[in-house]
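Asker: Each chain is listed here by its residues.
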Amino acid sequence: MLSYIIRRLLYAIPILIGVNLLTFTLFFVVNSPEDMAVSQLGEKYVTPEAIEKWKVKNGYDKPLFLNDEAGGLGAVTETIFFNKSLKLFAFDFGRSESGRDITTDVSNRMWPSLAVALPTFAIGIWVNICVALMVVMFHGTKLDRWAVLVFVSLMSISYLFYIIGGQYLVAKTWKLVPVSGFHPDGQVWRFLILPVLVGVVAGIGSGARWYRTLFLEEANQDYVRTARAKGASEVSILFTHILPNAMIPILTGVVVLVPALFMGSLLIESFFGIPGLGSYMLDAIKSQDFAIVRSMVFIGSILYILGLILTDISYTWADPRVRLN
Amino acid sequence: MKPVLLWSDALIFMLVVALILFFYKLREDPQTRERWGQVFSSRLGMVAFTVILTYVGVALLDSMHFRKALENPEGLQTEEIFYDNQVTSALDVMLQGMGDRFERTYSSPFALISFEKTNMKDAQGNSTRDYPALLHAGTHLADPSDQIGDVMAKTLVALLWGLLISAALIGPQWLLLRHSSSPWHATWGVQLMVICFFTWLVSISHHYHVLGTDKGGADVAYQSLKGIRTGVLLGTLSTLIMLPIAVTLGVMAGYFKGWVDDLVQYLYTTLSSIPGILLIAASVLLFQVYIDLNPDFFSIGMEKADARFIALCFILGVTSWSTLCRLIRAETLKISQLGYVQAAHAFGVSHTRIITRHILPNVIHIILITFVLDFSALVLAEAVLSYIGVGIDPSMGSWGNMINGARSELSREPAIWWTLSGAFFFMFVLVLAANLFSDLVRDAFDPRTASRRSEA
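Residue numbers (our numbering), protein chains in the order written: chain A, 1 to 325; chain B, 1 to 456.
Bear in mind the hints are in silico, worked out from the structure with no lab data behind them. Not one of these hints is a red herring.
From the derived model, a few chain B residues whose C-beta atoms are all more than 12 Å from chain A:
1) I20
2) F40
3) E80
4) Y83
5) V93
6) F115
7) P132
8) G171
9) I204
10) I245
Incomplete in silico selection of chain B near chain A, CB under 8 Å:
11) P275
12) L278
13) S283
14) L285
15) A383
16) I388
17) G389
18) V390
19) I403
20) L410
21) M427
22) V431
23) L436
24) D439
As a list, the in silico SDA-like pairs of lysine to any residue whose alpha-carbon atoms are at most 25 Å apart:
25) K257(B) - L308(A)
26) K215(B) - Y168(A)
27) K304(B) - G216(B)
28) K334(B) - E218(A)
29) K304(B) - A37(A)
30) K87(A) - I13(A)
31) K117(B) - S408(B)
32) K172(A) - E409(B)
33) K55(A) - D292(B)
34) K286(A) - Y290(B)
35) K257(B) - I13(A)
36) K334(B) - E217(A)
37) K55(A) - L22(A)
38) K53(A) - D292(B)
39) K215(B) - T173(A)
40) K53(A) - F81(A)
Positions of the beta carbon are idealized from the N, C-alpha and C atoms, including for glycine.
So that you can see chain B by itself, here it is in the shape it has in the complex (with noise of 0.2 Å):
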């Protein structure tokens, strides 16, 4: 086994290290403490975040790569070890080789049989056309028509051992968080649903393709399971680039006034004027080029994509930077107008001393709010894209990629409905999540709307 750390690999975890580091300091704060309680003393608020933690969580055990040992053919006296040229994640060991079970081409979920007949020699000789028995399900049974019983049996006994490490991990947490006055049985609710899910979708998964299969024969619910750490990844990455664009431009307009505002005005505007969808596909085209033209950097296939949707956050963060920046902007001219700032410049406090300090502070609920409201956007946006032909390379999987690969087959007869099902879901729970959370967290943390329910 040899680790291996693709450049958004590290990105993501030292994001992950940032934003723990960020909350911890913030817990200080009284207010923002108490606008983050907020937050979680509703239910709904609860589940989404429990949710999205379970996204993030699946997106990180993707995120550790390493390439397997092969072992040596036979005969070959050799201590060199060579490696696996494809590249395992943490998640696919846990997943327990589901990704490996290729068939031949579409199957329906749960079936036995191929969806296409081909030709095939019965035990005489014959040649027949008919559907050819799957490779990877239901090969333990004896009698086809056997496959309710044993799904039905299978389930259960998945279900049980769910019901077990469920107890071993929210038993823990309710000994803790029992007498607690935050809705905590709102999470506990969905881990146990998350994780009865998993043993079961796991443990069946040996015996059968339980979304059935796409056109080259891959599991399309371990395709889903993948598209995860790309649309999580992709919500992050882009805005965290996004960000410090944003931030430092429209503190700076806000602050200092006179050319500086006019010149990051100028600049937001010329931006914003130009149709995003094609800035973003004219970038991501050049870049393409770039790669093709440069193919000796890349030492594994695998880097290559990375480096393309590394290329694509970057291009989704700096093109996106202007609605932030006049969001921020704006609100630094307003404070900027205060009498603590007005007081601090008496004084002869340094610029620098006043951003940090009585600036940036009250321009972050903004930054909050932004985050949590561009994720979903972005994983939206990343189907689009890849419909288009300008988002994730097809060897990575995704769900725009899935889409694209079957929007057209539900035109078949009988249609291919499990590929775009199984895309739908994953990615429909995660943006659905992902919005409920940004509402409440704007409700929280939005000066005017918080001004209207003490009205209120």
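With the rest of the complex left out, here is chain A (with noise of 0.2 Å):
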């Protein structure tokens, strides 16, 4: 398993230096360093000398590839290239382009988007799995018909009426807890409950029809029949029959899921006020921080192909036939 592990790890290097090069062309290729310039002063104040110190101040001013006046070594080093994406390898992310040291900011702020993403993954999945188990121990009434059309509903409408919607309700109408806001201690419960319930209540629409379908393709299997015959009662063909062989669909779209929590959520930070990862990328987003977007693409992609890598891992677990080679 382990150099199943070690392969599937280097298999991500090429990977990684395609992400890199997409956005280094994205970034410098499409739109040079002038045109960034231009945008960042702002159409009244550029010179060519404005845009020319602008450039040295963020690190700008070298050539993009190949350096020929640096000698040696630094014709590659002394480059924007090796200088704003290369480095990213290194997690030297540098500084963004108002001044702030990236990495520190990162660090700082992976803690509060955690604090949210978390709970409301964990909780998301257990009520969904219980709602569609629920729905499927129904499956063939009317009961059943009406909740996929609940779902469908609720699938229908926009996160963002989740959040204005919830915000409405419980923050200002019920005055349960605070609409907004973060407080990193003693109380800091208070101000997570409401994100938490928008985001599980969000997702129960898609994700409970989903684990529908995945329990239903189980319940219509030979083996389940079997146990059928067998008088094996209801609640126990759900529990010991199909959930554990829908486990390998489940854990296929879910554990993937787990590094990307880090990054948090961009709407249900930024409608909450928490400082987390995700306003910390609307942020970048709104004021054309295009140092940080680039640092949140690259930690962005590593988290996702590491979250292959343990969803493969997972299935070791759930599932004794599955070797890893």
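Using the hints, put the two standalone chains together into the complex.
Answerer: And the structure:
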């Protein structure tokens, strides 16, 4: 298994290089540093000197790929590609365009993101599976058909409305919790309840519907018919036959998301004022801070690849027949 | 009047023609006919399809743009005709000036007075602070207390007109199709409701703001209707851009295998490992920089907004092909192992011919299911992207922009709920109809669910 994991990690390198090349093309070739300087400085202050000054300040004054002027190794290292893209591999994210150290920002903001995303994720899965199992128990009846209709309706509501509605009802009308904000000590749960609740409720529609399909696919297998013929009760069929066998597809969809929980949720964090990575990304997008966006793209891809590897490992745990070779 | 053809208009009309031709060709295939028959044999399918068609119809009407000719000022003797800088659409004409009736600022649905107080001078010249009367609501009423009776009377008249128009439109359908086995009565019910609703909305909007007005004083009902075009076009055009990429790469990877397969797999793993929203945001921002630096390309403001809209469709399409590509690759791998493809190889049939004759027709169902499924996801995504600030240009009406403009207004006292409700209602109906329809299409076309049904 260890050799498998090492092989997968090595396979990740070309993918990360691809991600890097793609972002590099997007940020520096399609859009030259001059264009960026102009849009960052604003129309009014655009003079050739100002652009030059901005480029030197932010380290964009070097050639893209090859520096002929610097001799020896400098021909490769004194370039934008080396400084802005390759250094990401050493987790050296450099400074944002407003001058803050990105690595420190990321490590500080990771925890609030996780504090919201982890409970939302765990409770969400639990609620969705419970609801789906309940619906599967009534498969073929009117109740099942209505439940599916409700799921589809819940799916058809934009995430934004869940957040706005949740804030309006729970925080403004009933005044149960603060509308937004975050305080890292003591009463942190007061700020977490509403975002987690909104996140879970917003996910029920698509989540429960998906699990229902998975369970139904298992419920039509022969072993379930055999179990029923042997006289096993419906409840024991659900929990001892269907649920364990549906584990593989569930893990496929779920485990890949686990590492990405660090990234947080863009919408939830910005609406509830949680100082996590999600709102960090949103601020970066809104202020057009491409240094941060580049770093977050890189972190996001690493976490995704990590998720894929974890998924494979989780198969061996869920299904003894799976061997990783 | 001078017709204006925006790029997105041209694309959507081309798409409509292509779709009609596509379904006309598919009509000959008995299996496809049977599957569509199954979709339309349920009342739900009929209702959902009618609702979707209504939205598409409104979107198409809203895509017929022209610039009005301005009347020459008196005394000016010239043959030259000047055109309005504003672009009008056929929908605007049908709504009879609903979008031209601006107020000063917020006003609640059916209100006669503004939502905010302003300084006014009364007849004696004394300065007072009060709620001013609206410019375009209830101006025909002698006494504000008559409002309820007046609304009732106007509703009744509008509904009678609605029934009359419905009778003219549904009557012929009934004569033609009354013996058909499909549940046509379901679509007639929806048609009746839609027609009555629109006649009511248009006629009552002459005298009131049905859904109130927003911060800039624009009619919310009108804005919600204008959002239809944006939503429908975004959902279809993005998928249209995504399809050729996904299908070509997927079929090639599954058919040729070897290094082509490796390359395609590498491409889509790389692409899907990048957080989608960041990739989209970055691309949109970069395009925005390009538009800002080259303002000379666009002669009227609408074209600028349209360019950004098409860029957004393009970006959404280019960043989202990996899922469909993966599905098509897997299906092609499976099909190319089958006997008839092997036989075609043995007979020396060329690759292009095998792909077009044997592979493509057998992956059509995946394309179709993805097309319908992605549509609703894209409509929802538009709202989120507009909230983040990388969506539709604010000058172009869209539900996302409406939500974005009104999201903090619920915290006012009393809350301003009507802008959000307008966007919510029109968006929810479209997405719900699309979701329900896509479920039915998947049930009918997915061989897995189809086989399960035949067992049961």
